[in-house]
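K.L.:
Residues per chain are reported as follows:
Number of protein chains: 2
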Amino acid sequence: MESAHRGKRSIEFLQRPAIISFASVAGKKEAHGPLGNTFDVVSEDTTFGEKSWEKAETRMQKTALQLALGKAGLAEKDLDAAFVGDLLNQCVGSSFTLRATDVPTFGLYGACSTMAESLLLAGISISGGFCRRALALTSSHFASSERQYRFPLGYGGQRTPTAQWTVTGAGAVVLGQSGEGPFLRAGTIGTIVDRGIKDANNMGAAMAPAAFETLRAHFDDLSLAPEDYDLIVTGDLGKLGHEIVIDLFSREGVQLGSRYLDCGMMIFDLEQQDVHCGGSGCGCSASVLCGHLLGKMRRRELKRLLFCGTGALLSPLTTQQGESIPSVCHAVAITTERS
Amino acid sequence: MESAHRGKRSIEFLQRPAIISFASVAGKKEAHGPLGNTFDVVSEDTTFGEKSWEKAETRMQKTALQLALGKAGLAEKDLDAAFVGDLLNQCVGSSFTLRATDVPTFGLYGACSTMAESLLLAGISISGGFCRRALALTSSHFASSERQYRFPLGYGGQRTPTAQWTVTGAGAVVLGQSGEGPFLRAGTIGTIVDRGIKDANNMGAAMAPAAFETLRAHFDDLSLAPEDYDLIVTGDLGKLGHEIVIDLFSREGVQLGSRYLDCGMMIFDLEQQDVHCGGSGCGCSASVLCGHLLGKMRRRELKRLLFCGTGALLSPLTTQQGESIPSVCHAVAITTERS
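If you're matching them up, the sequences are chains L and V in order.
Take 1 as the starting number for the first sequence in this note's numbering and just add one per residue.
Take 1001 as the starting number for the second sequence in this note's numbering and just add one per residue.
Watch out, some of these pointers could steer you wrong.
Here are the simulated BS3-like cross-link-like pairs (lysine-lysine), alpha carbons at most 30 Å apart as the crow flies [what the hints assert, rightly or not]: (1) V/Lys-1071 with L/Lys-77; (2) L/Lys-198 with V/Lys-1071; (3) V/Lys-1198 with L/Lys-8; (4) L/Lys-51 with L/Lys-28; (5) V/Lys-1239 with V/Lys-1028; (6) V/Lys-1296 with V/Lys-1071; (7) L/Lys-71 with V/Lys-1077; (8) L/Lys-8 with L/Lys-28; (9) L/Lys-303 with L/Lys-8; (10) L/Lys-51 with V/Lys-1028; (11) V/Lys-1077 with L/Lys-8; (12) L/Lys-296 with L/Lys-71; (13) L/Lys-77 with V/Lys-1239; (14) V/Lys-1296 with L/Lys-198; (15) L/Lys-28 with L/Lys-239.
Worth flagging that the hints you see were computed from the coordinates, not collected in a lab.
Here the structure is a predicted model, which means the values were calculated and not measured.
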């Protein structure tokens, strides 16, 4: 069998998995942001009609899943596998979504890198012939994240300047062996990078070195340069992390320039929406990908995208134990070209 | 490309991934149990020399990883991917293990099914040509689980008769495109099953229907019967869950008989070790597989094994919100035959 492994950490899809369908769901604040008109469904009610914020997360995932299936005229039974995860402890947002279905399910934990991780694994499974169609699905919710990772909302804690705002949103992608596309062309699997950042309110600085390492490995392994992409986006490094990545590359003589953006900066108006460094959460890169980015690719306004999900792999307990923040970044190259 | 997808939920490895190496680590109580002499390393100190139980979990994983690599004369750089997860919130046991390495890492969350889930995904990646060698790694710790999921140990809460005892242990498997074996032959991906059990101290009853569904799908999809295996093990249903699976099959006229065992019942002496229904935790099926079971396969005392990891996908918060317990079971068929 011809190997799809490339260089140190990258893979190439010899059979390119097709993105058959995609859908996004977002909350009120996201709806009022610059990408507000790119989401399939937005809700002014942050509980999405549910009794808890955690249940709201499951509701968003169910909605995104049903929309993505519906757009393609597919049903749950057409899915051979689901790759799902979220930020809630024990990834309950996803498990409670999939229990209502009969879809074979792999649970993932990649923090805010989950959409990229799930795309890679779905792509591997499809390209290897193990699935005919697979789902990549994730979500996050501002309120469920705040109380799990930080403080009860009612406490009214002050946010530091480097803090990010967890996106309330979900994204679903249905992939298959053939379809309209766009298509997964290649990917780079992240290693876990920890440069000693201990401030849990400065995720951007913690994750930026992971994004840099993955991007550099991607270019090296596949003999590519930033210019080979129309757009490179990182998951949710926010303003500070985005600057750090640009700086790390410029030290090596590589200018990323205006082709490099960050989903956390795209989804909110950083000047007007009081989100400090920008958006974060699994739902950030997922809802930006499954609305704005893949929408542009379908309309051929964007042809070659490098989508880099970034995740901070800490827990409140490791922070209490004085630990630094390990991070990961998975990169997926998406193209409008079938082969 | 020839499809490896079979029936509704199963896959067959057309190129069988080889188990190159494996290693297990266990704690004091496990060392004193019936399988005590099958673990590579046991520790009388449940902190494994670390300052917290959570850090002990990372220590166990690091030890299992280094042992598995060492047995095969491999180094971390020889691994193209790691598939890792554990029970700690945000899977920090695994992330903190892998941050010390340069191994591309996929984080998983499958609760106690993690070893089976990681074997399946490592197998898919290898068989599909995306990795040359991959790692499957997981752990659990009695003390870190008790305080995260139940009560502080110092509280001395009483355990109910259906409770299980979280295993302190870890298991690591290194897989590759070729090697001595045994080999992965096929697998069945679990759907998420929830029959409405709400008692978080009765995981066996919650998980048994998931094990039944996966086993039945496995037999149906691949036209197999229990007699096609020398041994069928479930992850950690414990005594009650094991009985329920036997009962569910007997209602359909299928007798599993003495070829069906449960890792949670094998690792402890249920009469003598005060563990109520038996062992549980990611480390339970992982350490039983990576010591006793794969050891027997290497010695050809066991030729055809169906290894079924079972996981309860609840969180303390979903229990507080009155939710029932979704469960999953992933099955991996392991054989001594290369093809």
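K.L.:
Taking the hints in turn, state whether each one holds.
P.N.:
Verification of the hints:
Our distance criterion of 30 Å between C-alpha atoms is broken by V/Lys-1071 and L/Lys-77, whose separation comes to about 43 Å. Simply put, L/Lys-198 and V/Lys-1071 have alpha-carbon atoms about 36 Å apart, too far for the 30 Å limit, and the pair is violated. Distance hint between V/Lys-1198 and L/Lys-8 is unfulfilled; the C-alpha atoms sit about 46 Å from each other, more than 30 Å. Restraint check for L/Lys-51 and L/Lys-28: the C-alpha separation of about 17 Å stays at or below 30 Å, so the hint holds.
About 22 Å separates the Cα atoms of V/Lys-1239 and V/Lys-1028, which keeps this hinted pair within 30 Å; it holds. The straight-line distance between the Cα atoms of V/Lys-1296 and V/Lys-1071 is roughly 17 Å, inside the 30 Å bound, and the hint therefore holds. Taking the CA atoms of L/Lys-71 and V/Lys-1077, the gap is near 43 Å; set against the 30 Å cutoff, the hint is violated. Between L/Lys-8 and L/Lys-28 the alpha-carbon distance is near 42 Å, which puts this suggested pair outside the 30 Å criterion.
Proximity of L/Lys-303 to L/Lys-8 is assessed by CA-CA distance (about 26 Å); at most 30 Å being required, the pair is judged to hold. Taken as a hint, the L/Lys-51 and V/Lys-1028 pair is broken in the structure, with Cα atoms around 44 Å apart against an allowance of 30 Å. Restraint check for V/Lys-1077 and L/Lys-8: satisfied, since their Cα atoms lie roughly 9 Å apart, inside the 30 Å limit. Between L/Lys-296 and L/Lys-71 the CA atoms are separated by roughly 17 Å; this keeps the pair inside 30 Å, and the hint holds.
The suggested pairing of L/Lys-77 with V/Lys-1239 is violated, with an alpha-carbon distance near 34 Å, which exceeds 30 Å. The straight-line distance between the Cα atoms of V/Lys-1296 and L/Lys-198 is roughly 45 Å, outside the 30 Å bound, and the hint therefore fails. For the hint pairing L/Lys-28 with L/Lys-239, the CA-to-CA distance comes to about 22 Å; that is within 30 Å, so the pair holds.
In this structure, the earlier hints numbered 1, 2, 3, 7, 8, 10, 13, 14 are contradicted, and the remaining ones agree with it.
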